[in-house]
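**Q** Here's the letter readout for the chains.
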Amino acid sequence: MTKLSYDIIIVGSGAGGGTVAQELSSLCASGLRIAVLEKGPKLRDDEFTGRELEMASALYEDDGGFLTAEKTMTLAFGCAYGGSTVVYTGTSLLPPERVIQHWNVPGLTLAEIEQRAQKFKLENNVQLVEDRFINENNRLFVEGCRRLGYDSRQFPVNLRGCRGSSLCNLGCPNQAKQGTNRVQLPKAESHGVEVITRCEVLRVGEKQLTVRVAAKPKGAKGEPSAWEPGEYEIAARIIVLSAGSINTPALMLRSGLGAKLPRLGHGFTSHPAFIMVGEHSRPITNAVGHPKSFYLDQFAASDHYVLETCMYFPFITAKSLAGFGPDHSRFMRAFPRLQMILVLACDDIDEHNRITIDAQGRPVVHYRFTPQVVRGLVRGAIASARIFFAAGAERCHMPVSRGSTVVEAKDSGRLEEIAQESSFVPGKLPVSAAHLQGGCAMGRTAADSVTDAFGRVHGIPGLYVADASLFPNSLEINPYLTIMALADRVAETIRKDTPALL
Amino acid sequence: MPGASVPETNSPVLAPVRAIFAAIVSTIVPEASGLGDRGWTDVEQMVELALRDRPAEIKSQLRLALRAIQWMPALRYGKPFTSLNAAQRSRFLSSLENHRLQIVRVGFWGLRTLALLGYYARPEAGREIGYTADPRGWDARHREIGTSEHRDIGKA
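Chains as they are written, first to last, in the numbering used here: chain A, 1 to 502; chain B, 1 to 156.
A hint or two may mislead.
[What the hints assert, rightly or not] The calculated DSS-like cross-link candidates involving lysine-lysine, where the alpha carbons are at most 25 Å apart (straight line), are:
(1) A:3 / A:216
(2) A:187 / A:119
(3) B:59 / A:71
(4) B:79 / A:218
[What the hints assert, rightly or not] FRET-style restraints, in silico, Cβ to Cβ:
(5) A:371 / B:87: 32 to 38 Å
(6) A:186 / B:68: 30 to 36 Å
(7) A:351 / B:61: 26 to 32 Å
(8) B:68 / A:98: 45 to 51 Å
(9) B:78 / A:283: 44 to 50 Å
(10) A:461 / B:95: 55 to 61 Å
The set of hints was computed from the structure by calculation and includes no laboratory data. What you are looking at is a predicted structure, and each value in this text was computed from that prediction instead of being measured. Ideal placement from N, C-alpha and C gives every residue a C-beta, glycine not left out.
Produce the complete structure using the sequences and hints provided.
**A** If you want it as structure tokens, here you go:
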């Protein structure tokens with residue numbers, strides 16, 4: 001086994017790892033050796049084709065089909081240089097104050113998160129898409145909300161040179177989305193940080209890691225790793241885990257840290273979601289333009305759901321509609337006339353919902369739908385249907401219907417009767433999640449959390465966490481900007497701790 | 001009958017259960033019954049590609065599930081799934097989708113996902129349903145409708 005030595009190792013290159021890499025990169029000037037270890041590949045710009053299966057296979061863990069232990073929810077998360085920031089839509093929001101207050105992390109305030117996030121908003125060119133570039137899928141959402149008296153809002157997004165491909169979730173083919181793959185990682189590398197791709201961390205301990213570098217599979221996208229394939233033992237005085245809410249807890253569990261940290265893997269939340277479609281009588285612009293420009297969060301606190309505009313691709317859309325046969329096909333064949341809304345439930349931590357590992361040390365995600373989640377999804381489905389009909393749709397798809405999944409406009413007054421919580425049947429409905437949070441929550445002691453308020457793992461000097469697994473509860477909005485702000489906080493802590501650790 | 005004309009292809013997972021899988025795909029996506037030989041080859045290739053790196057255990061479970069679906073209807077209809085008419089096939093699959101046991105529902109959900117993947121991940125299916133996303137975005141759309149305004153968002 002090859003042995004290597006670094007001062008700082010960062011595991012993962014997404015919103016957390018990419019940010020920490022950039023924020024610590026100035027230390028390279030004083031001779032410190034820093035490396036980022038990323039399990040996924042780094043693709044060339046011309047390899048982003050926008051083709052559905054090809055890109056899902058290249059950029060997502062398990063090709064985008066990672067299932068919970070119960071097999072009732074699909075979890076989508078990136079596995080590439082840039083992590084999930086390669087496959088998100090770039091929506092750049094911060095949480096409501098009540099969420100951060102509810103987290104109750106000592107000393108952490110929304111004001112601090114806002115102040116730290118401001119730097120990344122500027123770096124990532126966060127802006128509102130100009131009105132003339134908003135497509136009809138988004139305009140109809142705004143119009144439907146307006147007619148209903150709902151307060152829709154526009155997403156700030158991180159774009160530079162967007163051509164409106166609508167393919168954000170397959171990795172931007174024009175490199176317009178400003179994820180860590182475009183901004184923070186290149187900057188870190190320019191300062192001397194090494195980024196090693198195709199490098200999976202098998203074990204982590206106090207000041208050491210065991211990793212395996214994979215060869216580039218024949219015909220696969222992406223560059224080969226900078227290191228030769230094989231296993232490595234790496235000594236590192238500071239280790240930062242930023243592998244995401246599933247892989248960070250799983251890595252720590254298979255490294256035997258669960259005995260010291262009883263809350264490890266607990267507190268997993270994910271904003272379970274399904275898509276709703278409304279069919280209009282005429283074609284609308286939907287598969288062109290930024291897909292996620294508006295949202296509605298006014299019912300997050302009362303009814304536990306958030307609505308977002310969205311537009312997916314043929315297979316993902318087909319998979320996300322409930323049922324099969326003629327009713328299902330009818331919506332698919334109306335694709336140019338479809339308006340689409342994503343319903344996200346605001347879930348709270350639940351003792352059942354957690355990360356464990358199997359006998360091989362692979363992550364296992366346990367997730368059951370609490371009554372609050374079911375209520376949120378059903379209320380969100382009803383609100384979406386109202387928006388479709390207010391915007392002029394002829395019919396819509398209703399996954400939580402007692403009968404047919406097709407609801408005609410003439411029945412829009414009966415939505416409360418048609419959509420029922422009792423029709424939410426796990427394993428039948430296509431529920432997915434992409435906002436994976438928790439598992440290494442911040443807190444006070446090992447009895448209530450995995451890290452302190454600054455990402456230091458309790459009882460293990462030199463080991464830090466900097467990703468969404470730090471969240472003590474769900475964020476209720478798209479998480480990347482909050483992850484970056486917290487990662488910035490962790491990086492600042494590491495800079496302060498460095499003299500004592502090195 | 002869908003499935004009867006499915007051509008022999010290089011499909012290591014589906015080959016032994018080809019006709020059953022085709023009958024299921026045609027029930028989940030009725031338009032699949034109109035696919036020609038090349039279309040079915042493409043459907044199978046999409047599924048084989050998705051299964052390529054999955055553990056052998058998963059592939060065995062898939063074949064087992066398909067064989068179970070083939071013979072379970074014999075108890076109710078006296079004939080296997082591939083010999084049922086379209087309405088009977090649909091009723092049988094609905095019974096799996098709505099089964100009281102979650103393990104049966106999630107098993108059917110997985111099969112349904114593979115069927116939808118095979119059919120809709122084909123570029124031809126995208127064209128058939130009018131899916132027009134293009135990496136060139138608004139530029140491509142304007143070329144299509146004959147305007148030339150250049151649309152860049154947030155260009156520095």
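**Q** Output the numbers, in ascending order, of every earlier hint that fails for this structure.
**A** Structure breaks hints 4 and 6.
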